[in-house]
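Chemist: In case you want the letters, here they are:
4 protein chains.
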Amino acid sequence: MKTLSRLYYRIPFSETDAMAIVHHSNHARYLERGRIEFLRLAGLDYNQLIKRGMQYPVLELRTVFKKPLAFDEIILIETAIAGVTRARLDFSYKIFSVPELAVPSLTTEEFSGNPSVLGETFHCCVNPQGKPIGADADVVQNLNKLWGQA
Amino acid sequence: MKTLSRLYYRIPFSETDAMAIVHHSNHARYLERGRIEFLRLAGLDYNQLIKRGMQYPVLELRTVFKKPLAFDEIILIETAIAGVTRARLDFSYKIFSVPELAVPSLTTEEFSGNPSVLGETFHCCVNPQGKPIGADADVVQNLNKLWGQA
Amino acid sequence: MKTLSRLYYRIPFSETDAMAIVHHSNHARYLERGRIEFLRLAGLDYNQLIKRGMQYPVLELRTVFKKPLAFDEIILIETAIAGVTRARLDFSYKIFSVPELAVPSLTTEEFSGNPSVLGETFHCCVNPQGKPIGADADVVQNLNKLWGQA
Amino acid sequence: MKTLSRLYYRIPFSETDAMAIVHHSNHARYLERGRIEFLRLAGLDYNQLIKRGMQYPVLELRTVFKKPLAFDEIILIETAIAGVTRARLDFSYKIFSVPELAVPSLTTEEFSGNPSVLGETFHCCVNPQGKPIGADADVVQNLNKLWGQA
Numbered sequence: 163m164k165t166l167s168r169l170y171y172r173i174p175f176s177e178t179d180a181m182a183i184v185h186h187s188n189h190a191r192y193l194e195r196g197r198i199e200f201l202r203l204a205g206l207d208y209n210q211l212i213k214r215g216m217q218y219p220v221l222e223l224r225t226v227f228k229k230p231l232a233f234d235e236i237i238l239i240e241t242a243i244a245g246v247t248r249a250r251l252d253f254s255y256k257i258f259s260v261p262e263l264a265v266p267s268l269t270t271e272e273f274s275g276n277p278s279v280l281g282e283t284f285h286c287c288v289n290p291q292g293k294p295i296g297a298d299a300d301v302v303q304n305l306n307k308l309w310g311q312a
Numbered sequence: 163m164k165t166l167s168r169l170y171y172r173i174p175f176s177e178t179d180a181m182a183i184v185h186h187s188n189h190a191r192y193l194e195r196g197r198i199e200f201l202r203l204a205g206l207d208y209n210q211l212i213k214r215g216m217q218y219p220v221l222e223l224r225t226v227f228k229k230p231l232a233f234d235e236i237i238l239i240e241t242a243i244a245g246v247t248r249a250r251l252d253f254s255y256k257i258f259s260v261p262e263l264a265v266p267s268l269t270t271e272e273f274s275g276n277p278s279v280l281g282e283t284f285h286c287c288v289n290p291q292g293k294p295i296g297a298d299a300d301v302v303q304n305l306n307k308l309w310g311q312a
Numbered sequence: 163m164k165t166l167s168r169l170y171y172r173i174p175f176s177e178t179d180a181m182a183i184v185h186h187s188n189h190a191r192y193l194e195r196g197r198i199e200f201l202r203l204a205g206l207d208y209n210q211l212i213k214r215g216m217q218y219p220v221l222e223l224r225t226v227f228k229k230p231l232a233f234d235e236i237i238l239i240e241t242a243i244a245g246v247t248r249a250r251l252d253f254s255y256k257i258f259s260v261p262e263l264a265v266p267s268l269t270t271e272e273f274s275g276n277p278s279v280l281g282e283t284f285h286c287c288v289n290p291q292g293k294p295i296g297a298d299a300d301v302v303q304n305l306n307k308l309w310g311q312a
Numbered sequence: 163m164k165t166l167s168r169l170y171y172r173i174p175f176s177e178t179d180a181m182a183i184v185h186h187s188n189h190a191r192y193l194e195r196g197r198i199e200f201l202r203l204a205g206l207d208y209n210q211l212i213k214r215g216m217q218y219p220v221l222e223l224r225t226v227f228k229k230p231l232a233f234d235e236i237i238l239i240e241t242a243i244a245g246v247t248r249a250r251l252d253f254s255y256k257i258f259s260v261p262e263l264a265v266p267s268l269t270t271e272e273f274s275g276n277p278s279v280l281g282e283t284f285h286c287c288v289n290p291q292g293k294p295i296g297a298d299a300d301v302v303q304n305l306n307k308l309w310g311q312a
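Residue numbers (the numbering used here), protein chains in the order written: chain A, 163 to 312; chain B, 163 to 312; chain C, 163 to 312; chain D, 163 to 312.
No wet-lab data here; the hints were simulated from the structure.
None of the values given here were measured: they were computed from a predicted structure.
Positions of the beta carbon are idealized from the N, C-alpha and C atoms, including for glycine.
Heads up, a few of these hints could be off.
[As the list claims (entries may be wrong)] Examples of chain A residues toward chain C, derived with CB under 7 Å:
id : residue
1  : Glu194
2  : Arg195
3  : Asn209
4  : Gln210
5  : Lys213
6  : Asp234
[Claimed, not checked] Restraint-style ranges between C-beta atoms, simulated for each label pair:
id : chain 1 : residue 1 : chain 2 : residue 2 : range
7  : B       : Pro290    : D       : Gly292    : 43 to 53 Å
8  : A       : Ala182    : C       : Arg248    : 25 to 35 Å
9  : B       : Gln210    : C       : Met163    : 29 to 39 Å
10 : C       : Asn276    : D       : Thr247    : 24 to 34 Å
11 : A       : Gln291    : D       : Pro219    : 20 to 30 Å
Isolated chain A (complex conformation) (with noise of 0.2 Å):
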């Protein structure tokens, strides 16, 4: 069953435009920020990836933008695996506006609600230098049994 990592937000001023909505380019901050969150949760910390030679930089990103978001909104930031190997790693994100923060931090379920950003990202792993490598077993297994297939 995939598991899902939820991180809240709440929407600096920052980050709005003169459209008084949250501009279009600082999605892809909130997808990584729930993408962090999701490793942290598959035993992954990103220092100690990093540390280890593996990084995982972005190969396309892909936003819906269904309903703006505005300053001071709390975000509720749902991240799932979209797919893994040794070689890549994909990831699926939902976005919802929420009132409050008393939605429990993980679970199987999705949030109910219509979400009002969709995201996915794809990834390829790489070393230092920036090549393409195969992560190490264990990651490949922690993100697995995350995703539902271990």
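Starting from the known structure of chain A, arrange chains B, C and D on it as the hints suggest.
Modeler: Structure of chains B, C and D alone, referenced to chain A:
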């Protein structure tokens, strides 16, 4: 025949990240710079469009990262229309890493070389309250001319 | 007695730069997050202030960088009032790198430790047209209470 | 005689905020763009400095906001040295809102007009491990020439 706008941009230090490459969230901002220039070429000053009650928020964003961009590089952002109706406006983009500024600033031919980044954005036209509207006829006509459909 | 607001924040990858530390432009955004929380503590929701016709743009910003901040660190942003009149509002800030979240969320005592960053911002009150105005009496009274002058 | 570098920059939509002006955190990035150009004028490519083992992190930043900047405006960033030793390097800046690009690109005379923003940054020279060092003699000499002290 489709028209391209060309915008040069020097990568600032502030847009790099700890991998010493441009953080992938900044590319959406490069596409936006390209888009604003494209509209200017079409005789459409974005500030004027806003004053006339038309804005083009992003409905969807796709970016493909083929080669990383680095600090102090000069990039060329090529923008073209991918589709236009009264309700919708879609753009496609190519970002090239270029050695110098000696490329003509407007042409119907693409820069020869492998793009570092590919992008697509999908927009609708909204009024100041954020409600979808049809753009004024002269706006669509100007865009159609550069799309090569007029 | 002066009151401090405390806000915790985890440093995202997107706010690092090619020196592998937080880019110095982001600290102004951390101060702003601290300031918005301080206002909330004072019973002043910034969105409500905007609706009531009062905004506090930054007239001057000073930041002293004592120790660099790194990716995934948790920082504590302490905010206090440095001065308030009907026309003006000034804040001072300390940012600490903290090992955990176990610090009380509101107190009149400063966090013990050496701050990584010191900040000051100076603001005036303006109306929606950007003209300097005097803030409403209840706003100044609420701020005065946390400043310790009431 | 002191030398100024001049850099023109068009304000993108992404750097505005919900007050429909440039968010005050972005000005530090404009100063940085000005500083990198100044170094280039001094014959010092910042990438080359990094390769030679010298970097100039910001110790302190001060910005005074006199007039707000708006979307699509062209600004002129004037940068000058405020002080230089082997250990330290300080800059002062003026940002002007300008109607066109017809101003000479380098001069010892300031742009006539009222600056929208004043800035100062204070730097030390560090090695790749972040330890303070003395800059190489040729670097200091080049900077001194533009400071007008050589």
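Chemist: Could you tell me which of the hints above the structure violates, numbers in ascending order?
Modeler: When the structure is compared with the hints, numbers 4, 5, 9 turn out to be violated.
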